[in-house]
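Trainee: Chains as they are written, first to last, in my numbering: chain Y, 31 to 455; chain E, 31 to 455.
Rather than coming from a laboratory, the hints here were simulated on the basis of the structure.
You may find that some hints are simply not true.
[Unchecked claim] Ranges of calculated distance between the beta carbons of each label pair, as one might list FRET restraints:
1) E/M108 with Y/D436: 37 to 47 Å
2) Y/R73 with E/L437: 22 to 32 Å
3) Y/G260 with E/P438: 42 to 52 Å
4) E/T350 with Y/D125: 45 to 55 Å
5) Y/R424 with E/D436: 34 to 44 Å
6) Y/F174 with E/C250: 55 to 65 Å
7) E/L111 with Y/T48: 41 to 51 Å
Quick caveat, the model's predicted, so the values are computed rather than measured.
For each residue, glycine too, the CB sits at the ideal point set by N, CA and C.
There are 2 protein chains.
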Amino acid sequence: MTAVGDAPRTFTGWVGVTNRRITLVTESAADAEAFRAEHPDVREIDCRGRLLMPGLVNTHCHAAMTLQRSYADDISLMAWLNDYIWPFESKQTPDEVVLGLTLGVVEMLLGGITSFVDMYYFEDRCVAPVEQLGIRAVLGCNFFDSNIDEVFPQIERAVEQASAGSGRVRIAVAPHSPYTVSPENLLRGKALADRFDLPLMTHIAETRDEMRIVRERYGCTPVEHLDRLGLLDSRCIGAHCVHVTDSDIATLAARGVTVSHNPQSNMKISSGVAPVEKFRAAGAVVTLGTDGTCSNNDLDLFEELRTATFLQKSATGDPTALPACEALRMATANGARAMGYADGELGVIREGALADLIVVDLQKPHLQPIHNLVSNIVYCGKAADVDTVMVDGRILVENRRLAGVDLPALYDAVGRAVRRITTGK
Amino acid sequence: MTAVGDAPRTFTGWVGVTNRRITLVTESAADAEAFRAEHPDVREIDCRGRLLMPGLVNTHCHAAMTLQRSYADDISLMAWLNDYIWPFESKQTPDEVVLGLTLGVVEMLLGGITSFVDMYYFEDRCVAPVEQLGIRAVLGCNFFDSNIDEVFPQIERAVEQASAGSGRVRIAVAPHSPYTVSPENLLRGKALADRFDLPLMTHIAETRDEMRIVRERYGCTPVEHLDRLGLLDSRCIGAHCVHVTDSDIATLAARGVTVSHNPQSNMKISSGVAPVEKFRAAGAVVTLGTDGTCSNNDLDLFEELRTATFLQKSATGDPTALPACEALRMATANGARAMGYADGELGVIREGALADLIVVDLQKPHLQPIHNLVSNIVYCGKAADVDTVMVDGRILVENRRLAGVDLPALYDAVGRAVRRITTGK
Numbered sequence: 031m032t033a034v035g036d037a038p039r040t041f042t043g044w045v046g047v048t049n050r051r052i053t054l055v056t057e058s059a060a061d062a063e064a065f066r067a068e069h070p071d072v073r074e075i076d077c078r079g080r081l082l083m084p085g086l087v088n089t090h091c092h093a094a095m096t097l098q099r100s101y102a103d104d105i106s107l108m109a110w111l112n113d114y115i116w117p118f119e120s121k122q123t124p125d126e127v128v129l130g131l132t133l134g135v136v137e138m139l140l141g142g143i144t145s146f147v148d149m150y151y152f153e154d155r156c157v158a159p160v161e162q163l164g165i166r167a168v169l170g171c172n173f174f175d176s177n178i179d180e181v182f183p184q185i186e187r188a189v190e191q192a193s194a195g196s197g198r199v200r201i202a203v204a205p206h207s208p209y210t211v212s213p214e215n216l217l218r219g220k221a222l223a224d225r226f227d228l229p230l231m232t233h234i235a236e237t238r239d240e241m242r243i244v245r246e247r248y249g250c251t252p253v254e255h256l257d258r259l260g261l262l263d264s265r266c267i268g269a270h271c272v273h274v275t276d277s278d279i280a281t282l283a284a285r286g287v288t289v290s291h292n293p294q295s296n297m298k299i300s301s302g303v304a305p306v307e308k309f310r311a312a313g314a315v316v317t318l319g320t321d322g323t324c325s326n327n328d329l330d331l332f333e334e335l336r337t338a339t340f341l342q343k344s345a346t347g348d349p350t351a352l353p354a355c356e357a358l359r360m361a362t363a364n365g366a367r368a369m370g371y372a373d374g375e376l377g378v379i380r381e382g383a384l385a386d387l388i389v390v391d392l393q394k395p396h397l398q399p400i401h402n403l404v405s406n407i408v409y410c411g412k413a414a415d416v417d418t419v420m421v422d423g424r425i426l427v428e429n430r431r432l433a434g435v436d437l438p439a440l441y442d443a444v445g446r447a448v449r450r451i452t453t454g455k
Numbered sequence: 031m032t033a034v035g036d037a038p039r040t041f042t043g044w045v046g047v048t049n050r051r052i053t054l055v056t057e058s059a060a061d062a063e064a065f066r067a068e069h070p071d072v073r074e075i076d077c078r079g080r081l082l083m084p085g086l087v088n089t090h091c092h093a094a095m096t097l098q099r100s101y102a103d104d105i106s107l108m109a110w111l112n113d114y115i116w117p118f119e120s121k122q123t124p125d126e127v128v129l130g131l132t133l134g135v136v137e138m139l140l141g142g143i144t145s146f147v148d149m150y151y152f153e154d155r156c157v158a159p160v161e162q163l164g165i166r167a168v169l170g171c172n173f174f175d176s177n178i179d180e181v182f183p184q185i186e187r188a189v190e191q192a193s194a195g196s197g198r199v200r201i202a203v204a205p206h207s208p209y210t211v212s213p214e215n216l217l218r219g220k221a222l223a224d225r226f227d228l229p230l231m232t233h234i235a236e237t238r239d240e241m242r243i244v245r246e247r248y249g250c251t252p253v254e255h256l257d258r259l260g261l262l263d264s265r266c267i268g269a270h271c272v273h274v275t276d277s278d279i280a281t282l283a284a285r286g287v288t289v290s291h292n293p294q295s296n297m298k299i300s301s302g303v304a305p306v307e308k309f310r311a312a313g314a315v316v317t318l319g320t321d322g323t324c325s326n327n328d329l330d331l332f333e334e335l336r337t338a339t340f341l342q343k344s345a346t347g348d349p350t351a352l353p354a355c356e357a358l359r360m361a362t363a364n365g366a367r368a369m370g371y372a373d374g375e376l377g378v379i380r381e382g383a384l385a386d387l388i389v390v391d392l393q394k395p396h397l398q399p400i401h402n403l404v405s406n407i408v409y410c411g412k413a414a415d416v417d418t419v420m421v422d423g424r425i426l427v428e429n430r431r432l433a434g435v436d437l438p439a440l441y442d443a444v445g446r447a448v449r450r451i452t453t454g455k
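So here's chain Y without its partners, still in its complex pose (with noise of 0.2 Å):
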C-alpha cells in the first residue's frame, strides 16, 4: 500500500481505521500485527498494485445542474443564460433539483470525490439525500435579492437538519455575486452566516462584465467591494476570482479568504484565466472546483487537477508553475480547509484524521510504468480508476460499483425529469 499524505510523501505501509478516524499509519509490520490483534474483526483491503490517497474535494459545484449538462454549449453567455439556463431552471421543481443532485453526487463519488461544496437552490431539501448518500458536503444556500427572502427560511430548516445528522453534512450562506446582490442583501447573508456560525461562499470576479458592472456602480473592484462590506474572512469561499488586481490578491490572502479555482469552467467560458500562481505567492489557500456540469461539463476532479496546471504552466509561460504536488494539495488539504476542517482533520492521511480515502488501481496502460506516481496521478490519472471510496471510514464504492443506488432507474428518472422540463411532457 502507498499512500500520499500532504507533503506529499509516498510510502508502502498499512493504514488502519477505527470509526471514522484513520487511527494507524505506519510503514512497520509489527505495528500492523498489533493493530490487527487489537482489532480482530477489522476488514483488510490488500492494496497491493494500487495508491491509497485523500479523497478528492471539489470546493465548487451545483451539483444539481447535471440536469443541464450539455443542454446549452458553444454559444454567447447572455444567450446561454438568458435562453436556456434560466428558463430551464425556473421550470425545475424541487424533486428534480434532488434527483439532479443525486447524479452529481453518484459521479463525484464514482470519481474519488468525497468532499463537496455545492451552491444552489432547495438545499433544505437537499440535506437528507445527501446524508442518505454517504458523501461530505457544504450545502450552499444560493441567494439573489429577487428571492432572499424564500431562501432565509430554507437556510434556518437546512441548518436544523444538518446539526440533527451525522456531522458530515454542513450548510452555507451563498448570496450569488457582488453583481447580482445589493450590498444591503450581502450584509443581511453575512449577518445570518454569523448568527449561526456558517461559513458564506459566493462567486468572486468570475467575468470582465462584473467587474464593469462592479466599478460602475460601487467604483471599485469586486473584492474591494465585498471588504469594504466585511464579508471577507477565513470562513469565506470566493469561487473563481479571476479577474483580480494585485492588492485584491494581497485582500484575499490577508483575510485568509479560500479562493476556489475552477479551470475547466474560466476556460470553457472564456472567463479568463486565473491568477493561480500569484495567490500562491501571496500565501493565499487556493483550492479546485468543477463549477456545475453547463459550463464544464462533468464532475470530475482529476482533470481540474491536470487542467489547472497545464493553464498555469501556459498563461505563465513557465514550465515550473504549479507542480503537480502543489495541484494535489489544492484539490485535498487545502480543500478540506475551505470545507471548515482544521489543518490535519481532513484530507490528509495521518493518524486522528477523518478517514475519507481512496484507492486509484495504478494497473492501467496510462498509469505505467511508475517513475513519479504524484505525477502520475496529477498527469495522467482518470476518475475511472479510482476502484475504492471510503467517506467518513464507511465504504461507499467498492470494485467500481457504489452500493444502495440504482443507476439504470436513476438515468431514468433524470431522462424523464429533463423531458418533462424542457418539452411539458
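Assemble the complex: chain Y is given as a structure, and chain E must be docked to it using the hints.
Mentor: Showing chain E alone in chain Y's frame:
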C-alpha cells in the same frame, strides 16, 4: 444504435461491416433484415444505450516514450532535455523501444484511438509489432543531422516490411524540425519521401526558441523556411504550428499541409497556444495529437478533444470558438486525411469506408442525461467509456478487454526496462 458521421449527424439505425469495410448504414429495419439474410454468419452487436462512432485518430505521438511517462515533470525545457530525456533515450535498446511502443498502442486502443501517426527511432523494428497489435498507423522515422545515415536504411527496410503487410501500416519520413535538421538534410528527406511516395512529417514552430533560431539562421519563420525548401504540400504533417504569422497560416492552408494540434502538450511545456480558429478560418486541415507521454503525460484523445475546445475558447475570449462538433471532426475525418486516406475512406461512418469503429457506453453518470450527444462525447466522454474497438473490420477490444495482450506481463517488462535504463540494474 446511434452514430456520429462527419456531419456530425446522429441517428438510430444499423451499421453493417463485411470484410474490412462498412457496407451498410441504414435507419431502415428492412434494409438491416436484408443485410442479415445476405450475411447469415454475421455477428451482431447490440449497441442500445451505447454510441457507435468513428475511431479516433491521433496524428502526433511518440508512442515508445511511454517508458518516460512522468519521468521528468515541472522543470524547464533545457533541463528536461539535457538531464532527463536525451540521456534516457541514449540508453534504451531497440527492443525496449518496441516495448514502450506496445504499451502506448495498448493505451491508445483501450482509449478508442484506432489510428496513430508516430515519430520516433527504430520504426523499422515497430512495423511487425504494430501489425500484430492490429491498430492502423503511419510510422514516421525520425532523424536529426547526426543520425540521418542510420535512419535512411531503416526507412527503406520499414517501407519494404509495411508494403508486404496488411496495408494498415504506412511509413513516413520524419525530419525532427527545421531548427534541428539542416536545409540539405531536409531536402534529402523530401527526396526520399518523394521516391517512395511517403508522407513527410516534422515539428513546425513549436516554441519561441525555434522561431528565434530559425530567424537568426535563415532570416525567416520556420514555415517560410520549409516552404522555400519545397517541403510543404498535402503529404506534409506539421506538428504543433503554434508560433505562426497570418502569412504562415495562409501558406500552410494553401499548400494543404495538415496541422497536428497538440493542446495538452503545448500547455504543459508552456509552448503557447496554436491559433486553431485562424487555421480553420483559412481553410487549413487541423487534426489532433497527444504528443509523447513525457509532455502530456498520457495518450488520451478524449482529453485532447476537450482541451482543444477549452483552450481556443479561453485564448480567444470567445465561448463559441471551436465548437464540439468541429473538434470531433478534427479527431476523426480530418485525422484520416492526415493519414493519407481520401475523403470518405476513413474516420466517418459511411458505406465504403474502412471499418475503424468504436462503441462508447453511455450508461455512465457523467454521460447522463443526453441533451446533446456530441457535447456529451466531447465535453464529458472518457477513454474508459470506450468498451469496443474495431480496426479494419476486426474487433480488437471488447468489454474493455484487449485480446492477445497479457497486461500484467507487459507492465512487468516495462518496469524492468525502465529500471535497467535509469539505474543500470
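Trainee: Would you mind marking each hint as holding or not holding in the structure?
Mentor: Hints versus structure:
no.	hint	result
1	E/M108 with Y/D436: 37 to 47 Å	55 Å, violated
2	Y/R73 with E/L437: 22 to 32 Å	28 Å, holds
3	Y/G260 with E/P438: 42 to 52 Å	59 Å, violated
4	E/T350 with Y/D125: 45 to 55 Å	34 Å, violated
5	Y/R424 with E/D436: 34 to 44 Å	36 Å, holds
6	Y/F174 with E/C250: 55 to 65 Å	57 Å, holds
7	E/L111 with Y/T48: 41 to 51 Å	50 Å, holds
When held up to the earlier numbered hints, the structure conflicts with 1, 3 and 4 and fits the remainder.
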